[in-house]
Amino acid sequence: MYDAPSLEKTVDQKSTKIAAKDVQVYYGNTHAIKDVNVDLLDKTVTAFIGPSGCGKSTFLRCLNRMNDTIDVCRVEGDILLDGEDIYDKRVDPVQLRAKVGMVFQKPNPFPKSIYDNVAYGPRIHGLARNKAELDEIVEKSLRRGAIWDEVKDRLDAPGTGLSGGQQQRLCIARAVATEPEVLLMDEPCSALDPIATAQVEELIDELREQYSVVIVTHSMQQAARVSQKTAFFHLGNLVEYGDTTQIFTNPVDPRTESYITGRIG
Amino acid sequence: MSAGILSLIVIGLGVLGYFLGRGRALSLATATGRKLHSLPGYYGQSVALFTAVPALLLMAAWLFLQPVLIDSRVNAMIPDSVIPEGGARSLVMADVRRIADGLDAMMADGGISENELDQMRADITNIRSRLANVGVALGSDVPVAVFDAAKEMRQSSKTGALAMTIAVLVLTLGAGGWTLMRINTDLRARNISENFVKALLIGASLVAILTTVGIVSSLLFETINFFKIYPAKDFFFSTVWNPQFRGGSDLGILPLLWGTFYVSLVALLVAVPVGLMIAIYLAEYASKHVRSVAKPAIEVLAGIPTIVYGLFALITVGPFLRDYIAEPLGLGSSSSSVLTAGLVMGIMLIPFVSSLSDDIINAVPQSMRDGSYGLGATQSETIKQVVLPAALPGVVGAVLLAASRAIGETMIVVMGAGAAAKLGLNPFEAMTTVTVKIVSQLTGDTEFASPETLVAFALGLTLFVFTLGLNILALYIVRKYREQYE
Amino acid sequence: MTDFTSSPTGANGRRRGGSLLELDARTKRRNASEARFRLMGVIAVSIGVIALIGLLSSILMNGASSFRQTYITLNVFLDPAKLDKAGDGDLEKIAKVTTFGYAPLIQKAMEAAIKENGAAVDGLNAKKAAELISKEAPADLRRFVLANPDKIGETVEFSLLAAGRIDGYFKGRVTMESAQLDRNISPEQLMLADKLKQAGVLQIKFNWAFFTAPDASDTRPEAAGLGVAILGSIYMMLIVLCLSLPLGVAASIYLEEFAPQNRWTDLIEVNISNLAAVPSIVFGILGLAIFINIAGLPQSAPVVGGLVLTLMTLPTIIIATRAALKAVPPSIRDAALGIGASKMQSVFHHVLPLAMPGILTGTIIGLAQALGETAPLLLIGMVAFVREYPASPPEGFFDPASALPVQVYNWTTRGDPAFVERASGAIIVLLVFLVIMNIAAIMLRRRFERRW
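Protein chains in written order, with UniProt numbering: chain V, 1 to 265; chain Z, 1 to 486; chain D, 1 to 452.
Since the hints were derived computationally from the structure, they do not count as laboratory data. Do not take every clue at face value.
Unchecked claim - The list that follows gives simulated cross-link-like pairs (lysine-lysine, DSBU-like), each with its CA atoms no further than 35 Å apart:
1. K295/Z with K112/V
2. K82/D with K128/D
3. K326/D with K295/Z
4. K28/D with K106/V
Stated by the list, open to error - Label-pair ranges, simulated between beta-carbon atoms:
5. V432/D with I224/Z: 38 to 48 Å
6. E327/Z with I70/V: 49 to 59 Å
7. L254/Z with K28/D: 50 to 60 Å
Note that the structure is predicted; figures quoted are calculated from it, not measured. Note that the Cβ used here is the ideal one computed from N, Cα and C, for glycine as well.
Isolated chain V (complex conformation) (with noise of 0.2 Å):
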C-alpha cells in the first residue's frame, strides 16, 4: 500500500483548501521564510520536504499560528484557510487550531489516561454533550487513529505507558477527535522504528480521504510514499512544489534535482 502513489490519484480537480501568498517569517533579525507562495489542497496529502533548517518545519508550524506561541517569531504574507485570512486580528488562533489540527516531531502524550488524551480536544471544543457521546467520539478516533483494538481494554492506563508508535498514534487520534479540517504533522515518524513508522504511513494515506494532511519529513522515501504533492524548500525559499511524481522523477530546479540525488541536504 505504501508504494509510490498511483497516478489515478490526480489531485487536479480538487479544492484549495490553504493558500500562502507572500509568506515571510522572521525570527528576531533573522529572515526565515521567503516569499512562499502555495496552494494546499483538500483531501491530499501535501509533503514538505528539504534540508535542515531550511524552514519546513516554520512554515507548517505558521499554518495554524503555533508561532504564536514564540515571542520572537513574525509572520508577514497572507495564509488563506477557505479563503478566510487566518492572521487577521478578529482570528482567534483557539479557534483556528480546532480546524487545523497538529502532531507533533516526538509522541507528546498528556500524562492522563488514553482516554482522556483523547477527550481532551472534544471537552474543551464542547464536542458531547454528554458521556455516551464523548465515549462514542473516543472510540471513532481511537478507531480512525487505528490503535484501538491495542488499547480498548485499558482506556484507563495513562498514555504515557504506550510505546513510542503507540504514542504516536494516541496523539494522531487524539488530534482527529477535534475534528480539524486540515492536520498538519512536523515529522511524526522521525522518532520511531521502521515498524511504527509503517503503521502511522499507513495512517496516514487513510486519513486523506477526510482530511487535508501536511507532513514535514526528513526522508525523501517516505515523502514518495504517502504524499501526492510536495513541496522542496531550501534555505527558507519554496523552490519547487507539484505532484509527487513529478518532483522525484522529473525536477524542474536544479537544486530539488541535487537533494533528491543526494547531493545536498
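Chain V is fixed; fit chains Z and D onto it per the hints.
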C-alpha cells in the same frame, strides 16, 4: 597557658615545620644528588600538617571533654545534705563554678597566694565577703563541702590545663619531628600530604553527620529523662497544657499540636494559592518587563528574616485584624491570634512556594504545552488541564516542604500567635504552638532538671520528627517527579 | 484498517466550516475564563508585591523616628560641694558619689534654664520639670565627671537625653490626651517641653547613640541602643565565617570531587539536605544541650551563638559551593589531569579558584541568613539583658553579648511603646546590613560571572 596562646604556638611550630621539612628535603637532594620524588614544598607541607593538625584536634577534644569529666568528679564530692530544700544539684554546681572562678580572680588580684588558698577553710575564713570583693556575689554562706568542691574543681582544671599543654606540645613536636626524620628523597611526600588533606576533607563532610547525631542524641537523651519523671501517655494524649512553677504541671502536647496545625493551615491557605498563581503567572504569562520587576520583589520577601515578619505581625497585622475585623464582629479582642500568625507566615511562605513551583512548572516539557495548544486549547486550559496535572507531584512536594517550614517556624508565632494553649476553632483567638512553648520553657527560670524544662526537649523531638518526615517525603516525591522528565 | 465509516461531520452534528472571522459563543466563554485566570495571576503577583511594600513600609514608618532623638541642652554647674566634698580631687572619693548625687545638679540646671527662657508652666514644680530629662542623664553626667575630674567646679554645657515620653511627644506617640491618662507624664510637662523647644533648649538631633549605646532598662527606652547587639552580631558573624567557610568548602570538595558513589556518600548527602530543612529552633536546642550543658561554654556568649549558626549555615554553604564546583566544566579538570597534575592539584589549583566567586556568593547569602536568625539564639541565653560591651576578641567571644535580631525581640517584649519604635529601628539597621551583604553578593556574581 591559655588555649589561645597554645594554639598559636602549635600553628607557629607548624609553619616552622614547613620550612624545616622543605629545607631538609632540598639539602638531602643536593647531598645525595638524587631527584626528589615530589616538589620540595610538599615535604614542608606534610611536616606542617603532621605538626599542627593532630595537636589542634587533640586540644579541641580535650577542651570539650575536660569540663565534662571534672564536673562529674566534683559532683560526686557534693553530698546531698548541702543541697538546699527544694533546690537543685545543678544550682549548687553553678555556685561551685562561680566560687572557683572567684578564687581565680582573687589570685589574679594578688590578694592571696596559692598556699594561703590551701589554708582557707570555709568554716573559718569569711569566704563570702572576700569573694564579693572580686565581684562574685553569693546568696548565702558557703558550706564546707561546696567550698572544698570548688577548690577541687579549680585544682583539677589547673592540672588538666597543664596536662593538656604538655600533651599537645609533645604531640606537636613528636609528630612533627617524626615526619621530619622520615624525609628522604624517595619519600612520596605529595601523596602523603594529599592523603592527609583528603582525610581532612572527609572529616569536614562528616560534620554534617555529627550535627545530626548531636541533634538526635541531645533530643533523645533529655526526652528520655523527661519521660522518666513525666508519663509519656499524659504527654501525648492529654488535652491540657498547664505548666506550674512548683510541680504538678499538666504537659499535654495536643493543644500545642492543634495550634501548630491550625496556624500552619492558615499559612498554607494563604501561601499555596498565591504562591502557585505567582509562579504560573511569572512562568507562563508575564512579559519580560513584569518578570524582571516582580520576580526579584518576591525573592526579597524570601530574604527577610523571620523576626521582621514577627514584628510586622505584632505591630501591624495583629492590631489591624483586632480593630477592624475581630472586635467589630465580636470574635475576639486579642491582637495575637491564629489568623495573625497564619497570615504573616503565609506571606513568608509565598516566595518559598512560588520559587519551588516555578522550578517545577518549568520542568514540564514544552512539547506537552505544544500538544495542547495544537489541539486548540487556550493558555489557561493548557495550564489547568495539562501543565498542573503534570506538575502535580512536584507541587505536592513543594507544599509539603512549605508545611514543614510552617510547623518549624518560631519567631512569627512567638510574636503573633500568643501563648495560650487552647483547643479552639476561632481563628481570632490566641493559641500557641510547639515552637512557642519550646522557647518559653527553655528561656524561663525553672530549673533544668524539672519536667517543665525537659518537656521542651520532648517537644523539640516531636517537631524534629514531624519536619524530618515531611521533608523526606517531599524530597522523595520531588525526586521521583524530576526523574519522570529526565 | 479501514473500519471507520462515519462521516467527518461528527456525532453531534456541530456545524463545520464556520467562519474563522467570527467567534462562536463557546470561544467567547473560553476567552473570558482565560481572562479571569490571567487576572487571578495578576492579583496573586500584586498580593506578593503589596505584602512586601506593606511589610517594609510598616517597619520604616514605625522605625524611622528612632534615628532622631530629643535632647535637652543644659548648663550644669558641677558643684564641688556635692561631688568632691573633701576638695582634694581624689578620684576614689568622687567615684563614691552615686547617680543620686548628680540628679539635684540637673534639677538645678533645669530650673535655671526655665527661668532664663521664661518657660515656666503653672503647676509644675522643679522636680516635675526635671522629669523631662531622662533618668539616664545623671549616669551620663557621672561618667563625664569621672573621666574629667578637673572640670568639677565649672559650669559645663551638656546635651542630655530627654525622657522617653517627651521624645515620644515630638514623634507623635504621646499626645496631650494620652498624657492625661499617663502616670509618667502630665500635660503640663508637655507644655514645658513645647516652650523649651521654642527657646531652643530642647532639640531633636540625629541619634548616634542608637548605634553605639548599650541596651537600657525598661523605664529608659530613650537610652536604649544597639551597640552591644551590633558588636555581638559582628562577633558571631566572624565565627560563622571562619568556621563555616573552610568546613563547608572542604566538605563540598570531598563530596563533589572525591567521594565514591556509595552508601556513605548517599548518607552524608541525605543528611545535608535534611539539615538544611531542620527548623532553626532545633539547632538552638542542640546548642543548649551540647555546647552549654555538656561542653560548659558560657551562656549568652557569641562563641556559642557562632557555633550554632555555623552548623545552621553549613548546609547552605555546602549546597552553594557544590553548585559552584559543578558549574566548572569537566574540561578544566581533564586539562589539568592531562598534563600530569594529581587530582588534588587539579582541584586546588584550577577548579577551586574558578568556583570561588560562586562559593563566596553562597557564603555571603548564608551569612545573611545567619545574621537574621533569632530563634536558636533565644535558647542559648542571648536574650539576656546585657549592658557591658564584650571585650575584644578572642576573649570577647566568651563574654555575654546580645545580637541584633534578638535585641529586636527583646525590645518587643517590653511594656513601653517607645521600645516598639526602637525595635523597628533596629530592624532597619538589620535590613541595611542584609541589603549591603546581598548587594555585595550580587556584585560579586556580576563581576565574576563566567559563561562556559
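Indices of hints not satisfied (ascending): Structure breaks no hint.
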